[in-house]
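**Q** As a plain string of letters, each chain reads:
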Amino acid sequence: MAKLKVALYWAASCGGCDIGFLEIGEKLLKLIEVADVVFWPVAMDVKYKDVEAMPDRSIDVCIFNGAIRSSEQEHLAKILREKSKVMIAYGACAYGGGIPGLANMYNREMIMERAYLETPSTINPGKIMPQTSYQSPEGELTLPKLFDTVKTLSQTVKVEYIIPGCPPEERTTWMALEALIEGKLPPVGTVITDNIKAVCDDCPRKRDVKKVKKFYRTYEIISDPEICLLEQGIICAGIATRGGCGSPCPQANMPCTGCYGPVNDVIDQGAHFMNAVASVIDSNEPEEIEKILEDVRDPAGTFYRYNLPDSILRRARV
Amino acid sequence: MSFEPKILGILCNWCSYSGADLAGTSRKKYPANIRIMRVMCSGRVDPVFILKAMESGADGVLVLGCHPGDCHYSEGNYKTIRRMTMLQKLTDQMGIESDRIRLDWVSASEGDNFSAIIRDMTEKIKKLGPFPRNGGNNG
Numbered sequence: 001m002a003k004l005k006v007a008l009y010w011a012a013s014c015g016g017c018d019i020g021f022l023e024i025g026e027k028l029l030k031l032i033e034v035a036d037v038v039f040w041p042v043a044m045d046v047k048y049k050d051v052e053a054m055p056d057r058s059i060d061v062c063i064f065n066g067a068i069r070s071s072e073q074e075h076l077a078k079i080l081r082e083k084s085k086v087m088i089a090y091g092a093c094a095y096g097g098g099i100p101g102l103a104n105m106y107n108r109e110m111i112m113e114r115a116y117l118e119t120p121s122t123i124n125p126g127k128i129m130p131q132t133s134y135q136s137p138e139g140e141l142t143l144p145k146l147f148d149t150v151k152t153l154s155q156t157v158k159v160e161y162i163i164p165g166c167p168p169e170e171r172t173t174w175m176a177l178e179a180l181i182e183g184k185l186p187p188v189g190t191v192i193t194d195n196i197k198a199v200c201d202d203c204p205r206k207r208d209v210k211k212v213k214k215f216y217r218t219y220e221i222i223s224d225p226e227i228c229l230l231e232q233g234i235i236c237a238g239i240a241t242r243g244g245c246g247s248p249c250p251q252a253n254m255p256c257t258g259c260y261g262p263v264n265d266v267i268d269q270g271a272h273f274m275n276a277v278a279s280v281i282d283s284n285e286p287e288e289i290e291k292i293l294e295d296v297r298d299p300a301g302t303f304y305r306y307n308l309p310d311s312i313l314r315r316a317r318v
Numbered sequence: 001m002s003f004e005p006k007i008l009g010i011l012c013n014w015c016s017y018s019g020a021d022l023a024g025t026s027r028k029k030y031p032a033n034i035r036i037m038r039v040m041c042s043g044r045v046d047p048v049f050i051l052k053a054m055e056s057g058a059d060g061v062l063v064l065g066c067h068p069g070d071c072h073y074s075e076g077n078y079k080t081i082r083r084m085t086m087l088q089k090l091t092d093q094m095g096i097e098s099d100r101i102r103l104d105w106v107s108a109s110e111g112d113n114f115s116a117i118i119r120d121m122t123e124k125i126k127k128l129g130p131f132p133r134n135g136g137n138n139g
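Protein sequences appear in the order of chains A and B.
Residues in the first sequence are numbered from 1 upward in steps of one, following the working numbering.
Residues in the second sequence are numbered from 1 upward in steps of one, following the working numbering.
Derived by calculation from the structure, the hints in this document are not laboratory data.
What you are looking at is a predicted structure, and each value in this text was computed from that prediction instead of being measured.
Hints are supplied without guarantee of correctness; some may be wrong.
[Unchecked claim] Cβ-to-Cβ under 7 Å is the rule here; a few derived chain B residues that face chain A:
hint : residue
1    : Asp46
2    : Pro47
3    : Val48
4    : Arg83
5    : Met86
6    : Lys89
7    : Leu90
8    : Gly95
[What the hints assert, rightly or not] Covered stretches of chain A, going by a simulated chain B footprint (3 or more residues, C-beta under 8 Å):
hint : stretch
9    : 276–288
10   : 297–305
11   : 309–317
[To be verified] Derived lysine-lysine pairs resembling DSS-like cross-links, with alpha carbons at most 27 Å apart:
hint : chain 1 : residue 1 : chain 2 : residue 2
12   : A       : Lys214    : A       : Lys291
13   : A       : Lys5      : A       : Lys49
14   : A       : Lys3      : A       : Lys85
15   : A       : Lys78     : A       : Lys47
16   : A       : Lys30     : A       : Lys5
17   : A       : Lys158    : A       : Lys49
18   : B       : Lys89     : A       : Lys211
19   : A       : Lys197    : B       : Lys52
20   : A       : Lys27     : A       : Lys85
21   : B       : Lys6      : B       : Lys52
22   : A       : Lys213    : B       : Lys89
23   : B       : Lys89     : A       : Lys210
24   : A       : Lys158    : B       : Lys52
25   : B       : Lys6      : B       : Lys89
26   : A       : Lys3      : A       : Lys78
27   : B       : Lys89     : A       : Lys291
28   : A       : Lys47     : A       : Lys3
29   : B       : Lys89     : A       : Lys214
30   : B       : Lys28     : B       : Lys6
31   : A       : Lys197    : A       : Lys210
32   : A       : Lys49     : A       : Lys78
Beta carbons: idealized from backbone N, C-alpha and C, even for Gly.
This is chain A alone, in the form it adopts within the complex (with noise of 0.2 Å):
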């Protein structure tokens, strides 16, 4: 059998999808047994012209993390899909967004103007901000032009499987390397995970009756580390996420936030994940609801943190 081509690319991340793909190990050994990595730049020196000048449908997978908010990675998505047979969503941020989706919440000026101009390590007299062609003596130079709006991959290409979280864990990633080498590939569209409930699903705290009389910052309180972090005021995403990271941020004292995404069928994870906070409030006095929800400082961000860009609204009206 010939062997399986595989491309890797990141468009709008962090790079610690990058990292989290070499999480599986020794079990990358596996992988390479039975498929050649024919693109990844994080790793391999391959130009974008030796990508174009592939035949199309040539490579098998196509594992592609980070957003897409400029010229250069929606160009990227669109070659690739071309290329590929399977274009598979890696990492939040390809899935829903991610924190660079959160970029949603201004558009390209106020980016622009934070970036070159106002933030305070900033020094730029001459007010110069970056151009996406130049002029010079031996030519054109030229930048891919940052957009307005953060999209998904899914919003720029169709694609086949997500892999979520940020970064997606080991056991999530090697599950869908796993079926991909043994050519056991579940129905187009799936999520990859395994567990298909919520993070509380995974999570081994204490659950009772949620009544929240004041929402705490992670650093306002030391929490007890047997009980729902939400019973104790601490907004926790794990209500409204997909199980299947084996819930470590709970166990760690730290709240979900929700990086694996909405469950089946939800097409708003922030908006589920806001009504049930809401529910949890324990007041009927509007005056002392608005109060107790003072302490929830950002709604959009803690809501909405990976997927902003794949939510209704899709971004801020500004």
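Once you've looked at the hints, dock chain B against the given chain A.
**A** Only chain B this time, still in chain A's reference frame:
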């Protein structure tokens, strides 16, 4: 042509839907901008319904339930208060004008109140203009 907003009204079966019915049978006038959807209780209203309505063509969403204390299911409308307060915080942050999403109470005997609320909301949204869909902008 002047802008005629589309407003989705999500009304609870026991108080507000009957209130709207009373407004009709007693021939109260109110603008035709509201489209009514009946739910068993305002506590059934998930924020997803409201966001989805906004992205699907509504310029405003009105949720009406029984007055606090009068819920047919004892405390469904208290849950509505919590959710709508939370949603309002989010939509403020997302740059959606607060007049576009409204929670109010109409009992079965308040046909007048119902038509007044619809008039007021329609007027406010007419001033705001259409809701920018499709993420607001692209590119």
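**Q** Take the hints in turn and mark each one as holding or not.
**A** Here's how the hints hold up against the structure:
no.	hint	result
1	Asp46	holds, 6 Å
2	Pro47	holds, 4 Å
3	Val48	holds, 5 Å
4	Arg83	holds, 4 Å
5	Met86	holds, 4 Å
6	Lys89	holds, 5 Å
7	Leu90	holds, 4 Å
8	Gly95	holds, 4 Å
9	276–288	holds (count 7)
10	297–305	holds (count 4)
11	309–317	holds (count 7)
12	A:Lys214 x A:Lys291	holds, 9 Å
13	A:Lys5 x A:Lys49	holds, 17 Å
14	A:Lys3 x A:Lys85	holds, 14 Å
15	A:Lys78 x A:Lys47	holds, 16 Å
16	A:Lys30 x A:Lys5	holds, 14 Å
17	A:Lys158 x A:Lys49	holds, 22 Å
18	B:Lys89 x A:Lys211	holds, 20 Å
19	A:Lys197 x B:Lys52	holds, 24 Å
20	A:Lys27 x A:Lys85	holds, 23 Å
21	B:Lys6 x B:Lys52	holds, 14 Å
22	A:Lys213 x B:Lys89	holds, 18 Å
23	B:Lys89 x A:Lys210	holds, 22 Å
24	A:Lys158 x B:Lys52	holds, 23 Å
25	B:Lys6 x B:Lys89	holds, 23 Å
26	A:Lys3 x A:Lys78	holds, 24 Å
27	B:Lys89 x A:Lys291	holds, 12 Å
28	A:Lys47 x A:Lys3	holds, 22 Å
29	B:Lys89 x A:Lys214	holds, 17 Å
30	B:Lys28 x B:Lys6	holds, 20 Å
31	A:Lys197 x A:Lys210	holds, 19 Å
32	A:Lys49 x A:Lys78	holds, 14 Å
In summary, this structure violates none of the numbered hints.
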